[in-house]
Structure formats: structure tokens, C-alpha cells
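Novice: Chains L and B, in that order, are what the protein sequence lines are.
Using UniProt numbering, the final residue of the first sequence is 341, and nothing's skipped along the way.
Using UniProt numbering, the final residue of the second sequence is 341, and nothing's skipped along the way.
FYI, nobody ran anything at the bench for these hints, they're computed from the structure.
Beta carbons: idealized from backbone N, C-alpha and C, even for Gly.
There's no promise every hint is true.
[Claimed, not checked] Simulated coverage check for chain L against chain B, where a stretch passes if three residues somewhere in it have a Cβ under 8 Å from a Cβ of chain B: (1) 61-74; (2) 107-113; (3) 141-150.
Protein chains: 2
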Amino acid sequence: MRLEIQTKNFSYPVRIGVLEPITHASKVLVVSDSIVAPLHLDTLLSKLQASKIFTHEMPSGEEHKTWEGIESILESAFEANLSRKDLMLALGGGVVSDMVGFASAIYKRGIAFEIVPTTLLAQVDASVGGKTGINNAYGKNLIGAFHPPRAVHIDPQFLKTLPQREFKAGIAEMIKKAVCFNKDYFEWLEKHPLEKHLSEGIYKSVAIKAEVVAKDEREEGLRMGLNYGHTFAHAIEKVGRYSTHLHGEAVAIGIQMANALACYLGLLDNPTQERIKALLKTYGLNLPYKITDFEGFYKDLQMDKKNNQCICFILPKGLGAFVAREDIDKSTLKEALHAWL
Amino acid sequence: MRLEIQTKNFSYPVRIGVLEPITHASKVLVVSDSIVAPLHLDTLLSKLQASKIFTHEMPSGEEHKTWEGIESILESAFEANLSRKDLMLALGGGVVSDMVGFASAIYKRGIAFEIVPTTLLAQVDASVGGKTGINNAYGKNLIGAFHPPRAVHIDPQFLKTLPQREFKAGIAEMIKKAVCFNKDYFEWLEKHPLEKHLSEGIYKSVAIKAEVVAKDEREEGLRMGLNYGHTFAHAIEKVGRYSTHLHGEAVAIGIQMANALACYLGLLDNPTQERIKALLKTYGLNLPYKITDFEGFYKDLQMDKKNNQCICFILPKGLGAFVAREDIDKSTLKEALHAWL
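Please build the complete structure, drawing on both the sequences and the hints.
Specialist: Here it is in C-alpha cells:
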């Protein structure tokens, strides 16, 4: 299966299926992490042809998605003396592809990169769309660039070694897209356990994202729907210092918070809220959470990069549609989120 | 006077003349340095209208064009909680505008910036074209982004406080463009002392750059002519740890090295070489230089970001034209540069 993602300046292919040979006329720097490299680097290298191949291994984990990590990747690139014609290749989850994307965006003012995503979350979401970046003391993905890859190679085989917890976390991003953009996909997900229908589920998820990103690459309208659950998720992750929750888990909690707010405002009815909850529960994503410091939590929401003083909430409007609301005051939010306080 | 610079995605104005009021609907972070701020910040602030104005002062000098400097600017931006609708405004020379450009390119994946250049070099060259970046251990401007400003406000009045040495260094970039792109401008420069014809000289220089950049924003062909003298200059600056030579001075030396190589290869005749030298001399730019370690110098040339294994030399072909040559071997170069060894 193959999809083509249209960006402002070029289009790139997303291939879904057994990894095909990747060939590049000049040098390639493969970047992976300490968990993925021992599992999959050899497989990738056996499929890769280039004039010269270099590898870089970074420590695994969201807490390493920092400037220091970028500097380390750049150092490997400078040591390899990559030119603007060469390529970086990310092998790993969203952290690796976000970082390689950002490193390649700023190396000599930008070189090309490709992605071989090895987590479900990266396959269905992070690898497509051109968002790259790192975290800092102020929050998540606050430093970065829009820098689309030149190709994405999705091989569901890589997911066989993925821990169950990570696999499930990735499903949150699939449910997110179903709720905001595509009722049919939501109903398909309700009827098709992903353990049995994985490739098709991934394909449908990427197809939705491709359509959204092609219409709004720079997040000026439609693409904002992809942030459903994410403003909350970023605050949850920040509070937990990026180590208590996987990104997808935080998104699952954020989805339920957004739903509670949507219900409170009459945008979503209770039965639909329950349906979304039930689908999350199928994959163990009905996670508990407690907001211990509401004021701090609220401040983190304000700091999220899409926000100015007012917070932009992406709220589902039934299934398959959403609204962006900036007019929710603090006390309204607090009442709507009482179940988490 | 006003020029419009066309980029792939938008165009922006370059205004030349007494600084006009700058208005912005939302927040503005003004970034300046420790030399420029005491001289000109008040003037700028008196012309600036915005919903909220923040200021950031960085230490002056090329040696501060580092990631630490970027982090410091970003910190001010996060403290001000700038949103994607807000603006950074660079007040200063090329170091300040390169850094503010890069910081704004990666802050929340990109916000707008404008430039009020206060050095001749920044007015005639650095502020136009969208190149932003920082130096690192591997060389100059090796980390960065293409991120064009939204407006450039050139007021020659700011140059009254510029030290003579810096003023002259800026002229090297004007001569550079004349030699590679425009014989008429070269002859105009020969006849018009810039002390008396400054605004017109700046206008002509920016106009040439505007045309070049519009035709080749990403440096895939024509724009490479702007690197005339620069591959050498970057090596000279690196050897001197960015403190012995001003950028323009290094460019002036680099121009003479490129000319020597061009003469050696029969691309430039001796009388023309002498004419260029004479024009440089008018402004005290016929600077002496000694390459103490040719092997190290050659390695630095190879590391320059436009190069792969072979080095791409931009060489004048008479006046008003250039060629890019990648076929010069080390011994040829050494012979051509014997005057500096």
C-alpha cells in the first residue's frame, strides 16, 4: 500500500508493507536509539544501499528529546561531513523521528531525511506531517521546525517487538483522528480489533492525516483537529517530566478531558462520550489521572505552543467533526474537569 | 526607497531611508546587543508600536553566535510567552539578525521576524535573503535555517555611530556583488565614494541581492555567486576563532584569494584583478594575510557547508560574471595561493 503526502513544495511517499530496499546515491546517516538499534538496525542496514553509511545511536526515551540530543546527532553528521545532498534516516519511534527531523532541518540549513518508524504511534501519526522538534523547560515540542520527510517506510513487522503498553498508547492517536475527522473510521475501529487488522488500520489512519496535512500544512485551521487531546496531554506529560506517561497515554487522558469539556458545553452527548470511552477501554486506554495542582496545570495549558493568553481547546462535535474554542474561562474548565480534581 | 523581495511563499519589503514607524498588532520581542542597544534602542522603541514590547540584550560579537545565545533569546521569548502571531525584531548587525532569524525559525516551529540592521554589512547583505544560523566547533553558519524576515528597515543614519573599521568591512560585500553580478555597479562604485553616496550604494547592493535571491532562494545555482570570497573567508574566520577578522575583512581577503585562483586558471586577467584590488584598497580592504598551516586551511575549506569532498570555488569570470568550479585539486590551489603562504 502506498500514499502520497502533498506539502507546499513537494510530495513524498508513505509505503505500508514489508520494508523494501532503500537506495540513496550519496551518504546516509542512520539514527536510532538504544532500544531499537539492537532489535532492528541490522534489518534496516540489510535493505539500505548508499555510497557510504554512518550510524548514530541515541539513548532511548522522551527525556532525551533535548537540545543536547540534537547536538549529538549533528556532531555525527559533521564528523561524517554530510553535504546537502546526503540523507539522514530515522529508525525508531516518534522521539527519534522528531529529533532526526529537527536535526536535518537545521544541519547546513536543511538536508533531506526519511523515516522508518518502529512504534505504532510513529507509524500512524508522528512520521507523517512534517512536524519536528524537541522539548525544553517550558514544555513539549516548543522548539522545532516544519520539515517534512522525503519518504516514510512503514513496516508493521517492526511492531512485533513493541511492548504491549507502547502498542496500546499508539492506538490513542488512531482514535483521536477517528473522532475528529472520520466517523466511518471510528465505526471501523469499533468493529475491527487492531491485533487482527493492523495494516489496514494503519493505512486508514495515515490516509486521514495525509488529507488533513495536505489541506493545512502549517496548522492554520483544519490541522488543529489533530491536537484533540493534546493540549491536555502536553500538560500531563510536563507535570510527569515526560517519564510517567507515554505520549499516547497522555493523549488518551487528554481525549477524555476534552470530551468532558465538550459534554459540559453541549457539543457532545453522553452516549457518544461513552462510545469513545468504550473504544479507549478496549485497548486499556481508560486511564485514571489526578490533577494535583489545578493552577499549575492551567498555566501549562496556557504555555502550550498553539496558545496565547487564551487557551485553544479542540473539542469533538459528535463523531467526525470538531470545533476550536478559545472562549473557555478557568472556572468553566475547572467545573468540567471535576472528575480529575 | 523601497524594494520587494520575492521568496517562495511570500514577499517582503526592504525600506531604505529614515526609519518609519513599525506597528504590530500583537507582542514584539526586540533583540539587540550590548553595543547597539545603548546607542539605538531608544530610537527604535520610539518608532515601535505593539500590544506589548519586550527587550532582550545579548553580548556583542561573532563569538556569541552560538547555541547558548539562541537558548537565551528563546528563553526571553518563552518568558514573554510569545505566540505564533507575535514578532521578533532584530536591532543590530549580521550576528544579531542571523541569530534572531534562527531563533524565530525554531521558536514554536517558526514565528515572524523583522530586521533593523545597524551595520553596513547587515544593511547591504546579511539582512536580505533569509539565511539564518549560528557557528559551532565545525565552522561558520553550519547550523541554521532558511527563514526570510517579514520586513527589513534600513536607515543609513544608524551607520553614523559605526566604527570606521566595521563600515569598511561592510563594503567588501558590496564589491563582492559588483564583481560577480553587475559590472555597471562595479564601475559606479569606482566613481562614487560611498561616504558621499551611501544610500544609493546600499540600494543598488540590495537590489542585486533581491534579484539573485528571488531567482534562487535555496542556493541551487545563481545564488552561489554570493559566496564569492566566502569559502576562504569562513576558513580565515575559523582559524582566527571569529575574533581576529571582521566577516567583511575576511571576505575581502577571500576575494583576493579567489581572484588569484581565477587568474591562475585564466578566468580573470591581470588588469581586472588589479582593478578589483584598487577598489578594495580605496576602503583599506587590501589586507595582508598569512596561511600558516595550509593543510589545516584546506580541511576547513572542505568543511564549509556548501562542500562535499571536493571544494566548490566561486571564481569571477571578468567583471559581472562568475563560475563555480569543483575540479581544483589541492596542489593547484596551493600554487595559486603562493602569495599567502
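Novice: Each hint should be assessed against the structure and marked as holding or not.
Specialist: Now for the hints, and whether the structure bears them out:
1. 61-74: Holds, because 3 residues of the stretch 61-74 of chain L bring their Cβ atoms closer than 8 Å to Cβ atoms of chain B.
2. 107-113: Since 4 is at least three, the answer is holds.
3. 141-150: Held - the stretch 141-150 of chain L has 6 residues with a Cβ nearer than 8 Å to chain B, which meets the minimum of three.
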